[in-house]
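A.B. asks: Listed below, chain by chain, are the residues.
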Amino acid sequence: MEEKELNEKESLSLISEMIQKAKSSFHESGTSAILWGSVTAVCGLLSFAQVQFGFSLGFDVWLLIFVVIIPQIYIIIKERKNKLFKTYQAAATDNVWLVYAISISAIAFYQNIVPGISDKLMLDEGMQLLQKNIATGEVKDYHFFIPSLSSVYLIIYAFPTIATGLINKFKPMIWGAVVCYALFFISLYTSFKYDMLMLGLAGIANWLIPGLILRDRYNKNIAC
Amino acid sequence: MFKDLDPILHSQLRLAVMSLLISVKEAEFTFIREKTNATAGNLSVQIQKLKDAGYIDVIKKFNKNYPQTICKITKGGVKAFEEYVNSLQSYLGKE
Numbered sequence: 001m002e003e004k005e006l007n008e009k010e011s012l013s014l015i016s017e018m019i020q021k022a023k024s025s026f027h028e029s030g031t032s033a034i035l036w037g038s039v040t041a042v043c044g045l046l047s048f049a050q051v052q053f054g055f056s057l058g059f060d061v062w063l064l065i066f067v068v069i070i071p072q073i074y075i076i077i078k079e080r081k082n083k084l085f086k087t088y089q090a091a092a093t094d095n096v097w098l099v100y101a102i103s104i105s106a107i108a109f110y111q112n113i114v115p116g117i118s119d120k121l122m123l124d125e126g127m128q129l130l131q132k133n134i135a136t137g138e139v140k141d142y143h144f145f146i147p148s149l150s151s152v153y154l155i156i157y158a159f160p161t162i163a164t165g166l167i168n169k170f171k172p173m174i175w176g177a178v179v180c181y182a183l184f185f186i187s188l189y190t191s192f193k194y195d196m197l198m199l200g201l202a203g204i205a206n207w208l209i210p211g212l213i214l215r216d217r218y219n220k221n222i223a224c
Numbered sequence: 001m002f003k004d005l006d007p008i009l010h011s012q013l014r015l016a017v018m019s020l021l022i023s024v025k026e027a028e029f030t031f032i033r034e035k036t037n038a039t040a041g042n043l044s045v046q047i048q049k050l051k052d053a054g055y056i057d058v059i060k061k062f063n064k065n066y067p068q069t070i071c072k073i074t075k076g077g078v079k080a081f082e083e084y085v086n087s088l089q090s091y092l093g094k095e
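In order, the protein sequence lines correspond to chains A and B. Numbering of the first sequence is given in this note's numbering, commencing with residue 1 and proceeding in unit increments. Numbering of the second sequence is given in this note's numbering, commencing with residue 1 and proceeding in unit increments.
It is possible that some hints are incorrect.
What the hints assert, rightly or not - Short, incomplete list of chain A residues facing chain B, as computed with Cβ under 8 Å:
| no. | residue |
| --- | --- |
| 1 | S11 |
| 2 | I15 |
| 3 | I19 |
| 4 | A22 |
| 5 | Y74 |
| 6 | I75 |
| 7 | E79 |
| 8 | R80 |
| 9 | K81 |
| 10 | T87 |
| 11 | A91 |
| 12 | F170 |
Treat the hints as calculated values from the structure; they're not laboratory data. Don't be surprised by glycine CBs; every beta carbon is placed ideally from N, CA and C.
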């Protein structure tokens, strides 16, 4: 491109050509979505399988989520460094996922801390919860737990995906989030076992499938 | 009455750079060069003119020991670009 004077029509045409060039340059690799989708699907489906088929892996399979955080951070930093430009959509999407990371971590802390603290606070006041088997009359200690927390996780899973889908006008993510919201309503009526199955399915619909579609588009773009 | 077109923007390469930068939050020099097909020397000169006019900010930093030049449009640049497009549209409306 050389430095020359343009007439009015050429100017408008150049503006629209360059805006289109900038728009078509942005392609998400989908790596993070594939990683999160895979690990959530594996954790959810393995949790379901343990209850369904009566075996134990001997550790909390959801701890795999924390193992994935390290490569996730590495991927994000590497992708950021290699990007030659940043769109407004990408900046907004990054903030949405930052809020998601904070929220999901906060809920994990809530889940692990609140029941124990609630037990302790009751004991400090000289009280204890008991449960009675109405058939046998047996009375046992009852410990606080948070009912159907999986439903809350499903809502939180859907939030960044639908926001990303709407910001970037990417339908697979919007539909993935819609599936997640449907699973949320179903999970209100189901037991722990099926909640785990739904968390696994949410990982597939919400992240893994949209991530694979993004990856496919990215690879095609690289090949062009 | 029609306003004169902004002479800073009314040139092919500078307008191309501004049109790219209005579409993104920030862009690296190599990205702009690739999209505009301009030579590095000519692009540097035009970027400097846009910077001097206060239309863009230029941030120089290092990434893995390599120098990197990041450009982003300023508020003044957005305003000038909008006025330029409005002027163009009014000229074309007159035809």
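A.B. asks: Compare the structure with each hint and give your call.
C.D. replies: Hint check:
no.	hint	verdict
1	S11	holds (6 Å)
2	I15	holds (5 Å)
3	I19	holds (5 Å)
4	A22	holds (4 Å)
5	Y74	violated (15 Å)
6	I75	violated (17 Å)
7	E79	violated (13 Å)
8	R80	violated (10 Å)
9	K81	holds (6 Å)
10	T87	holds (5 Å)
11	A91	holds (5 Å)
12	F170	violated (18 Å)
Consistency note: the structure conflicts with the earlier hints numbered 5, 6, 7, 8 and 12.
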